[in-house]
Amino acid sequence: MRRFEYHEPTSLKEASQLLTSLGEGAYFLAGGTDLFVEIRERLRQVRHLVNIKRVPGLDQIEWSDQTGLRFGAQVTAGQLEASGYLNGRYPNLRAALKALASIQVRNRATVVGNVCRASPSADTIPPLIADGAVIETYRPGGGRHIPLAEFFAGPGRTVLEPGEIVIAVTVPPPAQGSHRAYLKHGRRKAMELATVGVAVSLEVEDGLCTGARVALGAVGPVVLRAPQTEAILVGSRLDAAVLNAAAEQAMQECTPISNVRASAEYRREMVGVLTRRAVMLALEEAA
Amino acid sequence: MNKIHLEITVNGEARSMMVEGHRSLLDALREEAGLTGTKKGCDVGDCGACTVIVDGRPVNACLMLAVEAQGAEILTIEGLQPDPDTLHPLQEAFMEHGASQCGFCSPGILIMAKCLLDRNPLPSDEEIRFGLSGNICRCTGYTKIFDAIRTAGRRMAAARAQSVEA
Amino acid sequence: MTKHEFRIVGKSVKRQDVIEKITGEGRYTGDYHLPGLLSGKIKRAEIAHARIRRIDVSRALAYPGVKAVLTHHDVPRVLHYGSPHPRSASCTMDQYILDDRVRFWGEGIAAVAAVSEEIADEALDLIEVEYEPLPAVLDIDAAQAPDAPLIHDVGPGGNLVIPPVHIERGDVEKGFAEADLILEGEFSGGRPVPTYMEPNVCIADWDGSNKLTFWTSTQTSFMVRGALAEVLGLPLNKVRVLVDHMGGGFGAKQDLFQHEFLCALLAKKCRRPVKMEFTRRETFLAGRSRHPFRLWLRQGFRKDGTLTAREMKIVYESGAYGSHSPGVTNVGTASATSLYRCENVRLDGRAVYTNTPIAGAYRGYGVVQTYFAIDIQMDEAAEKLGIDPAGIRLRNAVREGDIAPSGHPVVGYGLEACIRHGIRAFDWAGKRAADRHDPANPAIRKGWGIGCEMHGSSAYPGIKEQGNAIVRMNEDGSVTLLTGAAGLGTGAHTALAQIVAEELGVPFETVSVVHGDTDVVPWDIGAFASHTTYLVGSAAKMAAAELRQRVLARAAEKLQEKPGHLEMVEGVILVQGQPDRSITVAEAMGPSRGIPAEHLVASGSYMPTKSYSFAAHFVEVAVDTETGIIECRKVMPVHDVGRVIHPVAAQGQIEGGIQQGIGHTLTEDYVIDRTTGRSLNAGLVDYKMPLSMDMPDIETVILEAAPDPGGPWGAKGVGEDPIIAIGPAIANAVYDAIGVRFHHYPITPEDVLNGLRRKAAESSARD
Ligand code: FES
Ligand code: FES
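Chains as they are written, first to last, in this note's numbering: chain A, 1 to 287; chain B, 1 to 166; chain C, 1 to 767.
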């Protein structure tokens, strides 16, 4: 580990000011599960860590029929997974949480931290994008609500301004006839970074698909929506021919790269397989 | 680097120490508290050798700053035995089944297995495998570890049933 | 063998060392702390091949908390070997403690000692290095190219590590002329690494008499002592190497890893103890791997499957230094003389330097590669000839009296028994006749395969090994065994204690084991090559037998009996035929009128013959034809180990070997960038070992089919074997599932999909 100074502000205002005044090399600490790795592997030069755990009000998980699920910046993946709010409503997010690293890591990693790291392979992002999640922030001049699909500026980069803090994520309640799934591709069954992750969120009425959102992870600089794939699904009866066409289209819509985990070609092929399988799994999952 | 006064309870014993802000809980336990039973296999959250229980939840001690444990109750492998002359049923079963070879993974796996059995005394094979998915063992192929956890779970459940009857 | 009723051998007694491990009290090297301890860190090169033009440590030295910095300017320039087998003719002298030349990405170029690990680590960034880049040789082909840049000026020429190994027996041309079928193929394999859970670590401390005390995690403490003494210019009795518990080694922790010397020199310079602990990343960068390889194999078969000739050429990639390449090349090349009997063989084995991380010793030493190829081609022959794959192996399996790879006749042949047992227990015929489809998932195809192996216990005759043991009977009747063999986690110390207790006739619990201190215990070459139980076990048995005679002689005096009339059972000495006359061992050893208490010592030294263990592995795989992912679902390893001393420990060894073997075959590969030599996956997430969710059901079978007269009660080694047969068994099962042959490992999902496409294209071209 490299040395750094540690700070524990007790309000959002103080946290925001600290980060701005400490300048370069100052970072927010949420769960730390990624940040500490980056410090130890010298991927990030950190001089100051600003831990927001003493800031009150960020540890809530709430549910309302009108506004859906809302969880604060301190909520860990493990807490959200165990909260019971996901059952039957967000099976895709639940699957993503279950596939995130290990139980031990999930007890420390926050969902907001996983999102803010803006990794294209982060497990929680595809389902949250597919479900239309919105980011809530604090800024000295007034907070913002940012749709998650517009939150990322590139790998590791978000649209957050200096000193702006994510305080919560809201996920709208599932509509009638909602079907959702998340599938992750890795060589092992656990402790994997996704080679490809596909989340789908569908609305189906009387066998007819009335809404579809498809989010593709680890196959672009950021997690991608696949609008043309969605267009193929919407209005269809989701039969085998449609699924194959959607899979083909998703393969066109992604922009993967090659690295030690897989080649671009293989990733593209898996986007097709996983998109088809995710739709099938979503239809099986009880909404 | 300024030091921070840390008060924690480890294995039932109150401890206070001065730690630097960047110190991991793992290093603080091993070096400051002298509890070297918890191992460092990677220092980046990938192996589970450093698993300890903090306020009832298993975590990687290498992925947590010591200062973040302020006021916490911590259980390490050194606190698993109910008393110095008695082994925990998991430890007994690990001996019998040969679930520990080089033993470097064992403290983390025992702690993880304790969490699993405390919540679910009779886990299915799938649940055991899932419960250990963050703990690497390179010696045993896991088979003996699974056997040991099943055996310990059965015994613990039986003992609990008996004490309820009594 | 006379029939013998065992009291302790063959029972899964409680392992003495395990209690410490499961309570957290067992001390590993990294758990030790000394007053004034400094932390050492190594600066590692970020270039594959270069000359160091300038290295400036002034800023690092000035950094607060830094106590010393070493570069190649500050250390003795002594050429030494990385794999210190002093009794082996074939070790390569090609390393310096620090050199002005970098030969692989990750090689140590400087070392820092500081008051904390953090400060030492930060100081590394302040060391400035200027390189003159040299063209890098990054694979076997590049190393063998006629105009290849040379990595060393020592060696037999080109980038060869040693002169080629050539073995020829019988008449190969005649053999091929007699063949009805000739198969030829090329094979290759990646770079699996052992990934023991305890990263390399050592502590060095000098005392006022210039004696070095050195704690380390090694399988070969006496060799570490030898190398440290030689390179630092000390007599052997001025180096004391201590090894307590160690967190795995799997063969690789036989080498010295550069940090041992640096740690000792830093400690000397600072006059304070220094600890050096690898990060997990460093265990990849500076650790050891199995040798990547290229292999060409040609074999002739008669219609009935009988082998008539075999020709093989193999090239092992040694990486930047020789390490174990001499041994690996010799053992691996020789292994191809056997397993399946063949009178006519011509074999050529080489090892080449490249600018990549060092390949060293790793469980399955040189043989994993050759038997992978041989066992896959055996399957191909079976298919072409319309013979069952298990049947063709039975026809060719090595037999008693055949010449083994070591050049000795094989004593006992367990291979046939292993295959026959597996055929029945695995329901081989039934499974192979079953449907390959999985009703639960239309994308899945199932398949079943077999692989076989044989492996020697002990490294004899390549290395002139010797097993030593000292057994002491204390005056209270308790027993102390002193052994130089390291406890690498395999339970070997327990097996040794069992052997002593059995032979002496005392309760197992009264025997304790002292190990891991080169100043105290008898010399041992090291815990490797499946040697401990076999070789040290035999020595311990000899020592115990002698001690038993002396205890009985003493008891005879006390009982006024002839020693020949006495026997010792569970710590009680009985007069034969007179059940009422007995004394305990403690009474025999203690004082009585006219006979003072005594403390008896006996020692045993054992020179081995050569023994081989055998195994056949039967596996079931499921291949997802859409994702290409191969899942190994079931494994039945059937092993002949001669005599099993501790069944649970033996099973554990086998199951752990299978875990590693599955990894090597399907997911594990330490990848070096082909253009820069940089490592691409030096961590536990991207280096993919099978974990709890990935492991198949394993149903281990241990046979005592072919006891070896050289081992204690017939016992042979078991540590190396399980990793060898599993690879070809999986590759053969994959073929059975999807009809695509793979000649390399790891077999990745992409390979599977590409293979299926190729197959589809071929069959549509045929239509
Ligand atoms: S040391 Fe903490 S997970 Fe490996
Ligand atoms: S027993 Fe060695 S890693 Fe598990």
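Just so you know, the hints here were simulated from the structure itself, not pulled from any lab data.
Values in this document were obtained by computation on a predicted structure and should not be read as measured data.
Hints may contain errors.
What the hints assert, rightly or not - Pairwise CB distance ranges (calculated):
no.	chain 1	residue 1	chain 2	residue 2	range
1	C	435	B	126	34 to 42 Å
2	C	443	A	206	26 to 34 Å
3	B	155	C	5	52 to 60 Å
4	C	443	A	145	40 to 48 Å
5	B	155	C	680	41 to 49 Å
6	B	15	C	149	54 to 62 Å
7	A	21	C	233	27 to 35 Å
8	A	21	C	53	38 to 46 Å
9	B	159	C	439	48 to 56 Å
Stated by the list, open to error - The list that follows gives simulated cross-link-like pairs (lysine to aspartate or glutamate, EDC-like), each with its CA atoms no further than 20 Å apart:
no.	chain 1	residue 1	chain 2	residue 2
10	A	53	B	147
11	C	14	C	546
12	C	11	C	509
13	A	189	C	427
14	C	759	C	624
15	C	384	C	56
16	A	189	B	92
17	C	634	B	127
18	C	558	C	546
19	A	98	A	239
20	C	558	C	519
21	C	610	C	402
22	C	431	C	624
23	C	14	B	85
24	A	189	C	624
25	C	11	B	125
26	C	446	C	476
27	C	384	C	580
28	C	14	B	127
29	C	11	B	92
30	C	211	C	180
31	C	759	A	81
32	A	53	A	136
33	A	189	C	686
34	B	3	A	8
35	C	269	C	519
36	C	11	B	147
37	C	14	B	7
38	A	189	C	570
39	A	189	C	750
40	C	446	C	699
A virtual CB, placed ideally from N, CA and C, is assigned to each residue, including glycine.
The hints, checked one at a time:
1. At roughly 25 Å, the beta carbons of residue 435 of chain C and residue 126 of chain B sit outside the given window of 34 to 42 Å.
2. Checked against the hint of 26 to 34 Å, the pair residue 443 of chain C and residue 206 of chain A passes, with Cβ atoms roughly 29 Å apart.
3. In this structure the supplied range 52 to 60 Å is violated for residue 155 of chain B paired with residue 5 of chain C, their Cβ-Cβ distance being about 32 Å.
4. Between residue 443 of chain C and residue 145 of chain A the beta carbons are some 42 Å apart, a value that agrees with the proposed interval 40 to 48 Å.
5. For the pair residue 155 of chain B and residue 680 of chain C, the beta carbons lie near 46 Å from each other, so the given range of 41 to 49 Å is met.
6. Here the CB-CB span from residue 15 of chain B to residue 149 of chain C is close to 58 Å, well matched to the stated 54 to 62 Å.
7. A C-beta distance of roughly 57 Å is found between residue 21 of chain A and residue 233 of chain C, which places it outside the suggested range of 27 to 35 Å.
8. At roughly 43 Å, the beta-carbon separation of residue 21 of chain A and residue 53 of chain C lies within the given 38 to 46 Å, and the hint holds.
9. Distance hint check for residue 159 of chain B and residue 439 of chain C: the Cβ-Cβ separation is about 42 Å, which falls outside the suggested range of 48 to 56 Å.
10. At roughly 40 Å between alpha-carbon atoms, residue 53 of chain A and residue 147 of chain B are farther apart than 20 Å, so this suggested pair is violated.
11. For the hint linking residue 14 of chain C to residue 546 of chain C, the alpha-carbon distance of about 26 Å lies beyond 20 Å, and the restraint is violated.
12. As the CA atoms of residue 11 of chain C and residue 509 of chain C are separated by approximately 13 Å, the hinted pair is consistent with the 20 Å bound.
13. A threshold of 20 Å between alpha carbons decides the hint, and for residue 189 of chain A with residue 427 of chain C the separation of about 28 Å lies outside it, so the pair is violated.
14. The hinted pair formed by residue 759 of chain C and residue 624 of chain C meets the criterion: a straight-line CA distance of about 16 Å does not exceed 20 Å.
15. For the hint pairing residue 384 of chain C with residue 56 of chain C, the CA-to-CA distance comes to about 65 Å; that exceeds 20 Å, so the pair is violated.
16. Simply put, residue 189 of chain A and residue 92 of chain B have alpha-carbon atoms about 30 Å apart, too far for the 20 Å limit, and the pair is violated.
17. For a cut-off of 20 Å, the pair hint linking residue 634 of chain C to residue 127 of chain B stands: about 19 Å separates their Cα positions.
18. Straight-line distance between C-alpha atoms of residue 558 of chain C and residue 546 of chain C comes to about 19 Å, which keeps the hinted pair within the 20 Å bound.
19. Restraint check for residue 98 of chain A and residue 239 of chain A: the C-alpha separation of about 29 Å exceeds 20 Å, so the hint is violated.
20. Straight-line distance between C-alpha atoms of residue 558 of chain C and residue 519 of chain C comes to about 36 Å, which puts the hinted pair past the 20 Å bound.
21. Pair hint residue 610 of chain C plus residue 402 of chain C holds up; C-alpha atoms about 13 Å apart against a cutoff of 20 Å.
22. Between residue 431 of chain C and residue 624 of chain C the alpha-carbon distance is near 19 Å, which keeps this suggested pair within the 20 Å criterion.
23. The suggested pairing of residue 14 of chain C with residue 85 of chain B holds, with an alpha-carbon distance near 16 Å, which does not exceed 20 Å.
24. For the suggested pair residue 189 of chain A and residue 624 of chain C, the alpha carbons sit about 14 Å apart, so the restraint of at most 20 Å is met.
25. For a cut-off of 20 Å, the pair hint linking residue 11 of chain C to residue 125 of chain B is broken: about 27 Å separates their Cα positions.
26. Taking the CA atoms of residue 446 of chain C and residue 476 of chain C, the gap is near 62 Å; set against the 20 Å cutoff, the hint is violated.
27. Between residue 384 of chain C and residue 580 of chain C the alpha-carbon distance is near 72 Å, which puts this suggested pair outside the 20 Å criterion.
28. With a C-alpha separation of about 28 Å, the suggested pair residue 14 of chain C and residue 127 of chain B falls outside the 20 Å cut-off, and the hint is violated.
29. A hinted pair counts as satisfied when its Cα atoms are at most 20 Å apart, and residue 11 of chain C with residue 92 of chain B qualifies at roughly 17 Å.
30. With a C-alpha separation of about 67 Å, the suggested pair residue 211 of chain C and residue 180 of chain C falls outside the 20 Å cut-off, and the hint is violated.
31. A distance of roughly 44 Å separates the Cα atoms of residue 759 of chain C and residue 81 of chain A; the hinted pair therefore is violated under the 20 Å criterion.
32. A hinted pair counts as satisfied when its Cα atoms are at most 20 Å apart, and residue 53 of chain A with residue 136 of chain A qualifies at roughly 17 Å.
33. About 13 Å separates the Cα atoms of residue 189 of chain A and residue 686 of chain C, which keeps this hinted pair within 20 Å; it holds.
34. This hinted pair checks out: residue 3 of chain B and residue 8 of chain A have alpha carbons roughly 14 Å apart, not beyond 20 Å.
35. Between residue 269 of chain C and residue 519 of chain C, the direct Cα distance comes to roughly 24 Å. Violation of the 20 Å bound is thereby established for this hinted pair.
36. Restraint check: the Cα-Cα separation between residue 11 of chain C and residue 147 of chain B comes to about 18 Å, which is no more than 20 Å; the hinted pair holds.
37. Restraint check for residue 14 of chain C and residue 7 of chain B: the C-alpha separation of about 39 Å exceeds 20 Å, so the hint is violated.
38. Distance check on the hinted pair: residue 189 of chain A and residue 570 of chain C sit about 50 Å apart at the alpha-carbon level, beyond 20 Å; violated.
39. Of the supplied pair hints, the one linking residue 189 of chain A and residue 750 of chain C holds, its CA atoms being roughly 17 Å apart against a limit of 20 Å.
40. For a cut-off of 20 Å, the pair hint linking residue 446 of chain C to residue 699 of chain C stands: about 19 Å separates their Cα positions.
Checked against the numbered hints given earlier, the structure breaks hints 1, 3, 7, 9, 10, 11, 13, 15, 16, 19, 20, 25, 26, 27, 28, 30, 31, 35, 37 and 38 and satisfies all the rest.
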